[in-house]
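Once you've looked at the hints, go ahead and assemble the two chains, each given alone in its own frame, into the complex.
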Amino acid sequence: MSGTVALTKKDFISDQEVRWCPGCGDYAILASVQGVFPELGIPKENFVVVSGIGCSSRFPYYMNTFGFHSIHGRAPAVATGIKIANPGLSVWIATGDGDALSIGGNHIIHLMRRNVDVKVLLFNNRIYGLTKGQYSPTSEVGKKTKSTPYGSVDRPFNPLAVAIGAGSTFVARSVDVYAPHLKQVLLATAKHTGTAFVEIYQNCNIFNDGAFESVREKEHREENLLHLENGQPLLFGKAKDKGIRMAGPFTPEVVSLGNGVTEKDLVVHDEKAPVAYAFMLAQMDAPSFPVPIGVLRNVQAPVLDAAMSEQIAQVTAKKGPGDLKALIYGGETWDVV
Amino acid sequence: METVSSTTKSKEPVETLSRVVIRFAGDSGDGMQLTGTQFTATAAAIGNDLATFPDYPAEIRAPAGTLPGVSGFQVNFSSEDIFTPGDAPDVLVAMNPAALKANVRDLKPNGILIVNTDAFRETDLAKAGYQKNPLEDGSLAAYRLHEVDITRLTRAALKDTGLPQRVQDRCKNFFALGMMYYLYHRPMDVSLAWIGEKFGKKPELAEANKLALKGGYAFCEATEVFQVTYEVPKAQLAPGTYRNISGNQALALGFVAAAHQSNRPLFLGSYPITPASDILHELSQYKNFGVVTFQAEDEIAAIGAALGASFAGDIGLTTTSGPGMALKMEFIGLAIMVELPLVIVDIQRGGPSTGLPTKTEQADLMQALYGRPSEAPCIVIAARSSADCFSTAYEAVRLATKHMTPVILLSDGYIANGAEPWKLPRVEDLPAIPVTFRTSPDGFLPYMREPQTLARPWAIPGTPGLEHRIGGIEKAEGTGNVSYEPANHEKMIHLRAEKVERVALDIPPAEVDGDSDGLLVLGWGSTYGAITGAVRRARAEGRRVGHLHLRYLNPMPSNLGEVLSRYERVLIPEMNLGQLAFVIRGKFLLDVVPLNKVQGQPFKESEILGRIAELAPAKEGARA
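So the sequences go chain by chain: A and B. This note's numbering applies: residue 1 is where the first sequence begins, and numbers increase by one. This note's numbering applies: residue 1 is where the second sequence begins, and numbers increase by one.
Just chain B, same shape as in the assembly (with noise of 0.2 Å):
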């Protein structure tokens, strides 16, 4: 929390102040996820650049009050421009002893916690296996503790709807709400807004939480829990419309939208699975723009599907997590040797096995690359925060339907789930993915090729003259009639990988933020924010520091060895044990550093900066 200047306009002195992180956390019934996104909602609102990092437990409902029942969400808003949803809380708002536990250690010193006292009886303390009342110990003497009995106070403000206690208590949460947004200066006009649209059909709800939330804002107003509150001015950010996003939900409207541009029916194959089944859920309201999504009987089948119909002419999708990943591999040989478009999407999730299902991690890279019998290269690219996700789908169909060829797109459960402003693109803008299929039987062989890219045609079934059979077995070329001739079979080879190879000319060249020599970060994928903002940072404290991300990780750019050899010192950060690290290795012979971490939680910008302070020194009279 950076101070910039006080002024005294309400009973407390106000702050102004250029970022905050809230951390909203509760059990997983208590609304938290809920509160999170209102708070975000408000906070668009007023114009400040924001990020956001729902942190939910796997289990649907586990036991009320335990430690794998705590469902925490945390924003970071401010007035400048930011990059993850920032590392420590600056707040902690705990609506039991369980959500106290296990947050609490991730509370800066001196933060702000609020805990719902009322949730802290012996029973509750016994769930989230405290001894003694952590209230009472001293154990919190760190923290500006906020001690408020929300459940009874919620109760009270909603003691003449006449609804059960039951549903009173559930209101709490808005209550909550109500206390940070008179703490931050909010208005609450979006907030109850949205509160009278989602319970339209229930007035007395609706009536019932906006009683909570303006009570938790009066209570604020009428008592001095607050020393002192705060004011986050809005952010500069680039004229345009924006709307807040998750990277799901921006994937699943770059599917749409590239579909819609290349004038192709979308077909969805998928399963469910966390968490990457949000983009089936979304793409499954979008029918009228003639989205198929197919929900398979299993992962393999929803691959199946989708290359069935890619065979048929639509734009062949499917998505998928790590564990869902693997038992797609064998179809996405067979996507390799038929050589027709297919987008696999691996929303990476903490493995291996079941794993973390609910965490993040970057640890399908490897899988992506690799993880397929004999050679067989694709394409791959990885989205970097949320709002990218968009261009990154878009990018994904186009190189798919360009290249004739299957392309992976990684993004993780972190960027998936979290959500981050996006700049709107106009439509006009977006550009066209022209789709021609083979419709002339004359001189037409099913996999003569496209001298340029090396892509061989389209034939859907439906045209005349054009019939053929594609399949598993090794192709003759030209032909593609089943060949086991050996000069045949590794011409074929060398051919598939040389047409994955050529995607590197239909692609930009790697360019570095920040500075030319000195100490390169090197990164793909979610740590994008992250690493933005430690090398910014590091930048500032006058350390020779350039970030280069990369979202083509098959093929890379071709100037990237040229890149790499321009600086002392490579840092690779990475969700896992040094993937990309070894890759690039393997490739440049260089003797990368890696910087791993395997938590199920992205990196901080302060554990990133604190490796770059090791490898790059700050100059002599540099701006500190």
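Here chain A stands alone, though its shape is the one from the complex (with noise of 0.2 Å):
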């Protein structure tokens, strides 16, 4: 087995050229996945990378390990079925905005809903790729793209309020190009038991350049956004000099450290918080505040495979294995001779 062996980043880097625009953040967050495999403990064999149609759906051809590339927005329903039918796998589905939001909008709320344990790994850039700059269901409000000319009216999704609100025991965020920070995220998404659900901002530096900029740029990045950690106060800032505190009942507002407002006024992040906090959390965004990065919420609640599998053994321990003949002549019947 492999997976007595030390499995390093290698291992999991497929013989397929990869395909992605020069630039693309899809390298990057290949990179990091491709790094943090190995040090999971999980023999190679034992990796399924599920996607459905998009730019980032074309990961599972470039990871050494089993993989299914299926059809757009579909990809959940696949993870379920392998899921199901043998829950001793590590499935990882790989998907973006317009494959997870629009099209497969229907089948992720559904597989956060079961709390399937998949983990779901959504790069969002805010544009569709693949078919060459139409907006998609996170692209903002005047967003002009070719399917928009004149500005896109359509409002956009929040993906992670979209999790939340389906009941995902576990939403992170995470960006493409902030591999250290990437790489704490997707260990914690590969610990948890459950639907795990990471959004991933990456940018598409062909149709969508920029779109973020702001916590992307090493610079000037840590001015934008806001590191959960869980237990700390919500601090941010590169001095760390800045922090949320509660104006009211789910109004957070930012502060400056000094002038009598200390670290004791800010909000102490709680991962396990009821949900109304981690919704409160997803809706933080620029410009008014920091771009809130790590994991939002990270709760346990019963797994749909686990639970299938358990009544499963729990029926045959009562009725015994199934007796095909036992079944066949069921029923009432009657003999002719």
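Not one of these hints is a red herring.
Listed next, the in silico EDC-like pairs over lysine to aspartate or glutamate satisfying Cα-Cα at most 20 Å (straight line):
| id | chain 1 | residue 1 | chain 2 | residue 2 |
| --- | --- | --- | --- | --- |
| 1 | B | Lys234 | A | Glu332 |
| 2 | A | Lys183 | A | Glu222 |
| 3 | B | Lys423 | A | Glu332 |
No lab work stands behind these hints: they were computed from the structure.
Below, the structure is given as structure tokens:
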């Protein structure tokens, strides 16, 4: 078993040439995932990477694991079947904003509602890349694209709010090129039992370049990012001199430390707080607020695939293993001689 | 109703009949399906051959007493071989005016008509759209009308129970059943035992229903409702153990058996849809057989999960009807592309769109054969009767796993809900379904092929050294890597087609029942019963007719062209506008004669016989 041999990043690089546009944020995400998988203590053959359609969905081809590039929006369905059939597998979905939130919206919410033990990496670039530049369900109002020459009038989804609303037990966010942060989030994701939903801000340098510039660019990003750390106050800024305080019930405000404001006045992050708190965090966005990254929510709930296996075991224990003859000859029978 | 002999062993003269068709009709809250199934269970216990057909409305509870709320159940029971629930009823039990109005035109002339007069008040008549009371205006003169105040008689039978009248009235279906048991000399023990078991926890209801059943019987005994009563002796069925089974139940059992014999768990991904939901209900009970039932958020997720489970090594199955089938098509294309086993069951219903959800049709053949983008052939097979659903399901799993490709199994509302006696197979005789997963990484390529079948290896996640990627983008032969190479694409299109074509080497040749020249009646699916009955009658009239019924619609048996060429004419009856006829014309350049019916109702034997008679004249001096 390869599980007994220490795995390295190289073990997860497939022999296929990676074909995203030069400069695409997907490269960075791929490198991070390939870097994290060997650290999880899971035998290589037990990983399955599933995807739908879109730029992000080419992901499985580049991972040297079992992989299934399915059809547009439907990766959650395929992943659910795989995981129920073999709960021992580590199943990951690579998806995008169009794939997961537009055509696959129904599947992604039900995946999270059921709490199937599957990890979802949603690469959000706020654009349709593979079809060459139409607005997506996360594109901002007013966005000019090939399909909205006068600006989009469609209100966007907030992916984290969707995940929280759908009952996801683990909700996190990171940024494609912020490798150390993405690594920490991926490790936490892997550790979670149940559906884990991770939004990864990803730059499409061809059709939506600079969409996340303020949180990607190394020099200034710390001024604009709010690192969520469980049990720690909501502090941000390069000098950690600003924070989030409650102005009223679920009404956050940005405050600067000093002048009588101390860390004690700030909200302390709690991954297990009532869901309304996570929902509040999900709503915080630039320019009024720093962008929260890290784990917003991390709670435990019954997991579908485990519950289904358990039920089969319980019924089998009660009724005994199925006897085919008794089944076929069950009901009211009669003999003709 | 065919008279065999008469005797006088009860107070009325007793006639012996070879077969009888009864239709129970009432409001959907009147319990007519239950009455019908009870009559059927007793007929089975007596040893009659039988076939049943429930005909119920799409609405759960349409307004009481109205035409859309009418629910019917037809049972054909016989001392001879029968193949259908019967063309026209000999007896109609109508519990209200709406039931009468909706069904009386089907009743045979001089047929027995029993009506519950208590439900013929002016308001009841108005709800059914009767201007005048049909019991009084002479419009029923063609029938042997028996007016019985069933509701009041039931109340009288239950007067000592102390139950509220509302509850008493719900027992009137058993009163009607008791009358039928008297009329046809049936014992009541099967139904009495069933009532006892069903209402075991509510003894007062058990008692009430038993009283109603006995009351109906006793009423006929004490009065002179019927001038004559009837016997239908038991049939000469092949020796064996039988049970009465509906098509959907038989499918469920067939899939459980196939998964069991292949030593793999069965994974059903399904979304509720009429008339396929019963397969989901049935399979959800068999957890101790390792059966997983996943009720998905929609039709697409249902098949997607089934395909995912197949990838992981389960027997993937999804069940639906026409509208759901349309939604699954993209996934069927993916299954063809990734070459994984998968069974897709389509219980066809009247369409297009929502159409007639509770009525039957065979109009999804083209959808099954050609309903996908691009060149995407897959195996298509069809069940021909309720009991045949068992072996058809079994065959679907065998073909899917051996040939590593999806199989579409077509059934329809008629045989899905209809029931017939099923001669139970010996478990020891069920063929093994060997499933082997690839385990060795030596020389492994995801798209390498078994030379005979062209099947690719089934290499499931969790197998060390076999990590590979599959997906919907065109594959390079062998490696399975993404390939946009023009010549490779053409090669793969041909390979996928040939893989399915080669299944023809793995199926039995077409066999004809009846004459080997003259007229061939070619059918598929649930028309089997009506065609068989019609062809037998035609041959008894001295006509030269053969019957060929296709289970395998893609690929078709290799000898089909040769068989077709032996006949002067080929008649194809179908519950669509000629879909198989179109395919046969295209494949064999044969000018076949279509016979089409799209009324949401199955063919009657007489409808097919009529067309046979026009195409195949009776020879002079033949047995008439």
